[in-house]
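Novice: The residues making up each chain are set out below.
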Amino acid sequence: MAVDYMSLLKLDERELAQRRAFFEITDEDLARVAKLRDFAARHGDAIVDDLYQLILGHADSRAFFADETMVRRVKSMQKQYFLGLFAGNCDLRYVQDRLRVGASHERIGLEPKWYLGAYGRYLRLLLDRLFTDFPAAEAQAAFRSLSKLVAFDTALAMDTYIAANLDTVARHQAAIRELSTPVIRVYDRVLLLPLVGTVDTHRAQQIMETLLLRTVEDQAKAIIVDIAGVPVVDTKVADHLLKTTAAVRMLGAVTIITGISAQVARTMVQLGVDLSSIETRARLADGIELALAKVGRVIAVKA
Amino acid sequence: MTTQVMAQRELQIRCEDDIVLVRQAVRVMAQQLGFDAFATAAVTTAASELARNVWTHAGGGSALLEEIRLAGRRGVRMHFRDQGPGIADLGRALAGGFSTARSLGLGLSGSKRLVDEFNVESTVGKGTVVVVAKWARFSSTTG
Chain A
1104 MAVDYMSLLK LDERELAQRR AFFEITDEDL ARVAKLRDFA ARHGDAIVDD LYQLILGHAD
1164 SRAFFADETM VRRVKSMQKQ YFLGLFAGNC DLRYVQDRLR VGASHERIGL EPKWYLGAYG
1224 RYLRLLLDRL FTDFPAAEAQ AAFRSLSKLV AFDTALAMDT YIAANLDTVA RHQAAIRELS
1284 TPVIRVYDRV LLLPLVGTVD THRAQQIMET LLLRTVEDQA KAIIVDIAGV PVVDTKVADH
1344 LLKTTAAVRM LGAVTIITGI SAQVARTMVQ LGVDLSSIET RARLADGIEL ALAKVGRVIA
1404 VKA
Chain B
20 MTTQVMAQRE LQIRCEDDIV LVRQAVRVMA QQLGFDAFAT AAVTTAASEL ARNVWTHAGG
80 GSALLEEIRL AGRRGVRMHF RDQGPGIADL GRALAGGFST ARSLGLGLSG SKRLVDEFNV
140 ESTVGKGTVV VVAKWARFSS TTG
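Chains as they are written, first to last, in our numbering: chain A, 1104 to 1406; chain B, 20 to 162.
Simulated from the structure, these hints should not be mistaken for lab results.
Any given hint could turn out to be false.
[Stated by the list, open to error] Listed below are several chain A residues computed to face chain B (Cβ distance under 7 Å; list not exhaustive):
#: 1; residue: Lys1339
#: 2; residue: Gln1366
#: 3; residue: Arg1369
[Said to hold, decoys possible] In silico SDA-like links for lysine to any residue, alpha-carbon gap of 25 Å or less:
#: 4; chain 1: A; residue 1: Lys1113; chain 2: B; residue 2: Gly78
#: 5; chain 1: A; residue 1: Lys1178; chain 2: A; residue 2: Phe1168
#: 6; chain 1: A; residue 1: Lys1113; chain 2: B; residue 2: Gly79
#: 7; chain 1: A; residue 1: Lys1346; chain 2: A; residue 2: Asp1303
#: 8; chain 1: A; residue 1: Lys1216; chain 2: A; residue 2: Ala1242
#: 9; chain 1: A; residue 1: Lys1346; chain 2: B; residue 2: His76
#: 10; chain 1: A; residue 1: Lys1346; chain 2: B; residue 2: Gln51
From a predicted model like this one, the values you see are computed outputs, not experimental measurements.
Where is the CB? At the ideal position from N, CA and C, for every residue including glycine.
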């Protein structure tokens, strides 16, 4: 699914006006670049070719372009982009068009350094040709106007990169959360939940819900929660454990907390957390033995 | 003899995940300063409690972490600042078992027991600053 960068970046009329003001893009600038359309049409192909000489001349940046067909396609997109600079519009439609450029770079994994480097050449190519075609004063004014639009576009591209990355991170986090509460049935009516990592509010809720559902489904009598992999057990984590235990108890099962290190035990006592309502054991093995006893089983040495 | 600040680092607390970043930074600092496992757990847990208070009660703030030295001893000092509602009854909050956030209510009082130095200043409507310090139990011989 395509990411809606317009809403992600909160790009509305107000934001656009603010950006235009900060980048000092005036109607005069837009009128000036619009007058350069013939210039753009005249030099477009040559400038795009020159740009891709840079990109294709370096093995690392060339690697993003699989074959001739793809190069032809991106060159034609680049040409459209180039002509767009001279459209003389800087409205929401223009912004939407510009965001597509950043998004497509992000999609193929082209890092900002290649984008920014290529953009530098873009400006130099424009500068040279403007001063060849026009008198100095006119060329300078045109370049000033164009450089504002280029800076505006660059900011949009960077924003897209960042937004896309944040979006990826958020999706990964969601995926990790999905995987982070694996309830294992270790024996008939005995469940084990090994907790690894941080227990934040969202995860604590998920742990509680998953455990309660599985307790009912499996008609579990004993649930072992191993916290050896939780780096910091603070009052919040303790609070979650106490609440989960109380809820599980309502379903007729006991919770056994295992994997309590010497440091965690000491810290809990110093904090003043009372875990005496929960069965606790240092080692998972002891917890399993206790859980089996709750369902009337023992681990015995083979005769 | 005054306490020297050897290094410092400021972290913003803007979301729940930032609490994790704060305590990870504190843990690394404590380990580098030669804290033993118990002291490391204590100072890291205190950081977690106090950073959580900033987030829960004020919606955000900052944590300034300092490596400090006094007469050859090394320690960690942490300043937690927020511009939240402030603590109306500091005595009650420090006594423990009292919470305005439906939690165990042991964050502030418990943290106090986990560290060597503890100071809290709070103005209702203005915000709260909690400064705590924990020293490595044995002074480092490497200086």
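Novice: Could you run down the list of hints and mark each one as holding or not?
Specialist: Verification of the supplied hints:
| no. | hint | in the structure |
| --- | --- | --- |
| 1 | Lys1339 | 6 Å, holds |
| 2 | Gln1366 | 4 Å, holds |
| 3 | Arg1369 | 6 Å, holds |
| 4 | A/Lys1113 - B/Gly78 | 23 Å, holds |
| 5 | A/Lys1178 - A/Phe1168 | 11 Å, holds |
| 6 | A/Lys1113 - B/Gly79 | 23 Å, holds |
| 7 | A/Lys1346 - A/Asp1303 | 14 Å, holds |
| 8 | A/Lys1216 - A/Ala1242 | 28 Å, violated |
| 9 | A/Lys1346 - B/His76 | 21 Å, holds |
| 10 | A/Lys1346 - B/Gln51 | 36 Å, violated |
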